[in-house]
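4 protein chains.
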Amino acid sequence: MAGNIFGHILRLVSFGESHGPMIGGVLDGFPSNFTVDFSGIALAMERRKPGVGKFQTTRSETDEVQFVSGIHEGKTTGAPIAFLIANHDQRPADYTGLSNFFRPSHAAFAWDKKYGHQDMRGGGRSSARETAVRVAAGALVAQLLEKYGITISACVSQIGSVKAAVPDNAFVPELIYSTELRCPDTEAAALMDILLAELKSAGDTTGGVVSCRITGVPAGIGEPVFDRLQADLAKAMMGINAAKGFDYGDGFAAAESLGSAHNDPFTFADNVIRPASNHAGGILGGISTGEPIHFRVAFKPVSSLGMSQRTVDIHGTPKDLTIKGRHDVCIVPRAVPVVEAMAALVVADHMIMSGIIRHNNS
Amino acid sequence: MAGNIFGHILRLVSFGESHGPMIGGVLDGFPSNFTVDFSGIALAMERRKPGVGKFQTTRSETDEVQFVSGIHEGKTTGAPIAFLIANHDQRPADYTGLSNFFRPSHAAFAWDKKYGHQDMRGGGRSSARETAVRVAAGALVAQLLEKYGITISACVSQIGSVKAAVPDNAFVPELIYSTELRCPDTEAAALMDILLAELKSAGDTTGGVVSCRITGVPAGIGEPVFDRLQADLAKAMMGINAAKGFDYGDGFAAAESLGSAHNDPFTFADNVIRPASNHAGGILGGISTGEPIHFRVAFKPVSSLGMSQRTVDIHGTPKDLTIKGRHDVCIVPRAVPVVEAMAALVVADHMIMSGIIRHNNS
Amino acid sequence: MAGNIFGHILRLVSFGESHGPMIGGVLDGFPSNFTVDFSGIALAMERRKPGVGKFQTTRSETDEVQFVSGIHEGKTTGAPIAFLIANHDQRPADYTGLSNFFRPSHAAFAWDKKYGHQDMRGGGRSSARETAVRVAAGALVAQLLEKYGITISACVSQIGSVKAAVPDNAFVPELIYSTELRCPDTEAAALMDILLAELKSAGDTTGGVVSCRITGVPAGIGEPVFDRLQADLAKAMMGINAAKGFDYGDGFAAAESLGSAHNDPFTFADNVIRPASNHAGGILGGISTGEPIHFRVAFKPVSSLGMSQRTVDIHGTPKDLTIKGRHDVCIVPRAVPVVEAMAALVVADHMIMSGIIRHNNS
Amino acid sequence: MAGNIFGHILRLVSFGESHGPMIGGVLDGFPSNFTVDFSGIALAMERRKPGVGKFQTTRSETDEVQFVSGIHEGKTTGAPIAFLIANHDQRPADYTGLSNFFRPSHAAFAWDKKYGHQDMRGGGRSSARETAVRVAAGALVAQLLEKYGITISACVSQIGSVKAAVPDNAFVPELIYSTELRCPDTEAAALMDILLAELKSAGDTTGGVVSCRITGVPAGIGEPVFDRLQADLAKAMMGINAAKGFDYGDGFAAAESLGSAHNDPFTFADNVIRPASNHAGGILGGISTGEPIHFRVAFKPVSSLGMSQRTVDIHGTPKDLTIKGRHDVCIVPRAVPVVEAMAALVVADHMIMSGIIRHNNS
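Protein chains in written order, with the numbering used here: chain A, 1 to 362; chain B, 1 to 362; chain C, 1 to 362; chain D, 1 to 362.
Don't read these hints as lab results, they were simulated from the structure.
Please note that the accuracy of each hint is not assured.
Just so you know, same-sequence chains aren't split out, so a pair can sit in one copy or run between any two.
[Claimed, not checked] Result set (BS3-like, lysine-lysine): computed pairs, CA atoms no more than 25 Å apart in a straight line: (1) Lys-113 / Lys-75; (2) Lys-113 / Lys-147; (3) Lys-75 / Lys-147.
Since the structure is predicted, the reported quantities are computational estimates derived from the model, not experimental observations.
Could you put the whole structure together from the sequences, leaning on the hints where they help?
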């Protein structure tokens with residue numbers, strides 16, 4: 001497994017298993033002399049934390065981020081920023097016996113094929129717990145981007161069949177995170193709540209969609225032809241657990257549209273030439289246009305069900321399986337800060353590659 | 001612009017502009033002693049070639065691939081495989097005057113912001129012409145994969161609002177490429193044909209969706225947590241011109257489904273444990289399961305319209321713009337071999353990284 | 001600072017400062033299902049540990065390696081292997097006041113230019129303490145190589161002007177590490193001992209040379225033209241603190257020799273064609289030949305002297321500086337396991353890239 | 001073979017064989033809007049060209065560099081810069097029969113082990129001809145560096161046992177390249193000339209050393225701990241054909257020196273704090289100090305001798321071998337521009353990574 005390093009110049013290394021003593025990360029290539037707002041990082045961790053909502057795992061973690069290198073007296077030094085997050089509530093006993101089964105649609109099957117073993121304790125690296133590392137790093141990177149006027153905000157725009165309206169002005173993190181489902185459309189959120197309550201009692205799960213909006217990105221980042229901005233965003237998002245789809249701008253809907261309706265005509269106002277609309281989603285030819293960037297990520301239903309499922313054990317004998325662990329009815333609200341974090345990593349990496357953010361602050 | 005190299009170990013370098021003397025590529029990391037079927041590469045080029053269908057640019061190119069290194073007496077040597085494709089029919093005159101305009105939704109606007117100039121001759125690197133390089137390399141790589149029992153087949157599954165049925169058994173390259181629209185659903189194709197004829201006469205364009213199916217990939221390729229197989233596929237696909245979305249398995253539809261319906265239960269038959277269904281799309285936890293891999297790529301409408309568009313010139317003065325060049329009504333049929341090519345590069349790269357295909361054949 | 005990740009497929013991430021709470025590393029891409037010999041790693045750490053010899057810093061560290069991920073029940077899982085090494089004896093007070101000075105030939109000057117600050121506490125990342133991370137990772141990787149019949153052994157071949165004889169059969173780790181100066185030539189070692197005692201009492205320091213021999217590497221690893229085996233070895237060695245030179249085979253002496261004397265004629269014996277001599281040092285054209293690989297690394301004198309030195313303070317005022325910290329008279333004996341560790345990383349990375357060691361053990 | 005791409009952000013791809021139709025390269029990541037001085041590139045090619053000196057191969061090549069992409073109307077566009085160099089005088093017949101032999105110390109032996117074949121026509125990729133690609137790219141990059149006040153100059157400082165004096169003020173490219181042996185010490189050059197004449201008539205060869213000096217590099221480039229500036233320079237130099245050693249600053253001599261003599265004390269003059277001497281060679285802790293950078297590269301004797309050599313054929317039968325091709329008595333003078341080119345690539349790559357040279361000129 002060699003895929004635990006993300007990025008071109010600003011690179012995040014992720015390590016740790018769900019049921020080991022800790023998880024952690026190393027962020028290499030972050031500029032020096034940047035004053036870290038630790039409370040902002042704690043807030044991001046709080047927003048991702050398990051055990052918050054009634055439809056989420058009851059696993060309880062404080063998710064305190066312990067920075068062990070690269071920061072001195074509150075400022076980054078230019079050295080790699082390493083951090084640790086302890087696992088307090090791993091309860092491996094919940095998973096006893098599970099190693100004898102292939103859980104439907106669970107990563108353990110593929111893991112076994114690749115590495116020659118199932119990590120029996122809750123999925124190991126494939127657990128959503130690993131995403132806490134991304135959120136910690138992403139929160140730090142988002143602070144750097146803020147200095148350059150860039151803001152990133154995501155929210156839930158769909159759960160199961162319930163679709164929310166998420167206009168541009170709905171992307172207000174404080175409002176979004178004040179709701180349990182991370183959905184700014186209160187009417188839709190009420191319906192989602194009803195759906196999830198039903199699913200919870202049935203022991204079932206569902207998927208959903210996270211929408212993300214990035215403002216303030218200057219025109220000119222993105223590296224065609226292969227490292228286009230949307231290509232790196234897509235890779236980042238499709239590397240999140242349970243992600244099944246990515247699109248940006250009009251996305252899949254663009255496939256149905258006509259050029260005459262989809263094209264964004266240019267206008268001239270306030271001495272600036274810019275597109276009058278933004279079907280493009282802020283990126284043309286792989287390069288940011290200066291308009292807001294927006295994209296969506298689709299997530300599948302959580303594979304661990306409370307209800308009984310038919311499957312086979314490791315000897316191939318058919319069995320009914322009921323998974324006892326503490327699981328989410330819907331992972332999507334918890335994916336919101338993860339989407340924001342990965343977006344921050346991609347944008348900052350490209351800002352540094354383009355020389356707009358200086359790699360080092362000397 | 002540093003983004004012209006794709007892949008981890010098997011790497012494709014792409015160079016050349018639409019209206020320069022030639023385009024070309026270098027494929028590094030291809031195993032030695034592999035016997036190349038040049039006619040197979042010529043066939044792939046033929047399938048991507050402009051000027052074939054009545055809804056496509058009338059640009060005429062022979063697209064002969066001239067291999068200049070890395071192959072000796074028909075066999076790969078282990079040295080980088082470089083190849084050139086001449087541009088015969090560039091007609092830069094068609095683009096005269098266009099450099100004074102910002103064409104709506106065209107990459108030239110962002111290009112100007114990044115590089116300080118618009119390449120006035122037909123889009124330069126952002127032209128679909130560049131994808132010929134990928135098809136040439138992908139065709140060679142697909143031959144290598146075939147040796148390992150892996151086949152890749154893509155087709156058009158949607159044009160504008162017309163959706164085609166593309167069941168698993170429709171993925172037969174010979175049949176698909178015998179149709180002008182690369183769509184195996186003849187009923188849908190007839191409707192697409194009507195739609196495109198209307199759009200052509202109106203000077204309008206539309207988008208569509210390409211679906212791809214890969215069979216024979218052994219379980220165990222993909223490098224979690226960041227270099228998951230679907231993450232690298234997403235990056236590859238979102239790096240194709242005009243791509244707006246990617247999903248795999250049930251994709252965006254998975255967001256609406258329930259875990260009880262979406263999960264693929266395991267069964268035991270013929271001494272093998274495998275999922276009974278394939279909502280997962282052949283990948284779990286970022287690693288191939290041994291089942292067929294299927295994914296979709298959405299494309300936006302071509303931005304160059306035959307009809308007049310309102311935009312501004314480089315001084316900001318509003319103008320009506322009519323683009324005279326030879327353009328496609330719908331790029332999607334021509335994207336089919338490009339999707340196949342990029343998929344081949346990703347799968348082979350991961351096969352090599354996993355050590356299943358030996359990097360060198362010594 | 002983005003340079004804290006080493007390797008192509010097998011990658012080591014290093015983090016931590018000399019005077020922070022801990023240092024550590026992440027090793028990504030190590031095969032799964034490998035049984036780790038923890039005592040072997042402890043032994044390597046013991047061999048590098050400060051405070052052992054009488055000419056070395058009296059800093060005292062237990063250098064226990066705490067593995068926090070990637071190993072389960074003594075076996076690697078395929079997940080990234082993360083480990084922590086606590087700093088117990090950092091004594092930052094020793095460095096009080098030093099931040100007002102530019103210490104001659106010390107990295108802090110360049111650090112200040114790049115990162116906008118001097119890390120006042122003992123050099124931070126530029127301290128030799130960071131090499132403990134490499135030794136821990138290298139020791140694990142060496143165990144993997146051993147399984148493939150590859151052994152790596154280094155020793156001191158020169159200290160100051162005293163040169164040792166280090167014939168092939170002198171590369172016996174047990175013997176080398178049983179000596180304080182890691183020099184198998186006992187006569188030379190006695191002279192070195194005298195020299196170092198003189199320098200210690202004078203408050204002066206000196207440099208030296210480490211020689212390394214690798215046996216059992218199969219023919220065929222190394223990736224010309226840029227990632228030649230010797231190129232990656234050179235990069236690895238020149239990335240060690242205080243290293244000033246690298247050569248392999250006859251090295252700089254080859255510059256003086258004649259082709260007729262330097263060439264290694266081929267012979268045929270025991271059914272194998274191989275070179276009769278090994279002036280080449282086991283590598284031709286960037287690729288291993290199957291013969292033992294041997295190379296040298298030159299190190300400069302430690303820059304922190306016990307004697308007074310003339311320099312300037314940060315305001316440019318000339319000052320006499322005496323550095324009070326606990327320093328080595330000669331770092332070279334402690335570099336021996338670091339050279340071995342970096343060599344192991346390079347060889348294993350190339351073995352994996354060539355597909356000889358399977359990246360994953362599935 | 002995956003090692004044909006060099007660099008982090010500014011990357012050179014090299015392709016082509018000595019006896020194929022052409023060699024060439026792709027330079028990705030070069031800033032846009034840079035006006036290219038083509039005559040400067042032609043001059044660099046002229047300086048590397050075979051067939052110039054009386055001790056060199058009589059192979060005759062015009063070595064004209066044909067740029068086929070990335071440059072428009074004399075200016076870089078930000079697109080990858082691809083270029084071709086035709087092979088006119090390959091004479092593969094000279095190598096007829098050689099494929100039956102393992103030539104002593106020739107790369108073909110290792111090539112065979114790795115790739116399963118000997119490229120019988122003059123060494124293929126391992127030929128010094130490949131370095132023409134590096135010189136072309138390096139000459140372009142050197143022009144960019146010049147804009148930032150950086151100059152790179154190399155010369156021959158040793159041939160066989162004859163050592164030249166090369167003080168700092170001897171690094172004047174016009175003077176150096178006006179001499180056949182690229183050696184500014186005329187007395188030493190005369191002795192070298194005598195030595196080479198003797199070796200030529202004997203059919204023997206010898207090695208030598210190239211020294212290089214880089215001025216104008218600002219303090220602060222280099223990425224510790226692994227991508228130190230000297231580590232990347234070492235990798236670059238040890239990736240040149242026939243290179244056996246690299247050192248910088250006092251290099252191997254530093255191993256013998258005392259700290260009190262080797263340390264560079266800081267002084268304050270003209271309002272600048274800088275080292276009073278430069279034993280360090282312009283780099284401390286892996287980061288440039290602002291002082292001139294100087295390093296050396298040792299080369300082995302050419303392995304193809306005019307005299308008869310004892311070896312075995314591919315069946316292991318002992319044979320006397322006399323190589324008929326057109327070969328150099330000493331490659332070292334021709335390595336001078338290659339060393340300069342590789343140094344330019346490394347320095348520019350680090351300047352871009354540090355954000356001092358903006359990756360793109362937008």
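So, going through the hints one by one against the coordinates:
| no. | hint | result |
| --- | --- | --- |
| 1 | Lys-113 / Lys-75 | between (44 Å within a copy, 17 Å between copies) |
| 2 | Lys-113 / Lys-147 | between (45 Å within a copy, 21 Å between copies) |
| 3 | Lys-75 / Lys-147 | within (15 Å within a copy, 34 Å between copies) |
The structure fails none of the hints (numbered hints given earlier).
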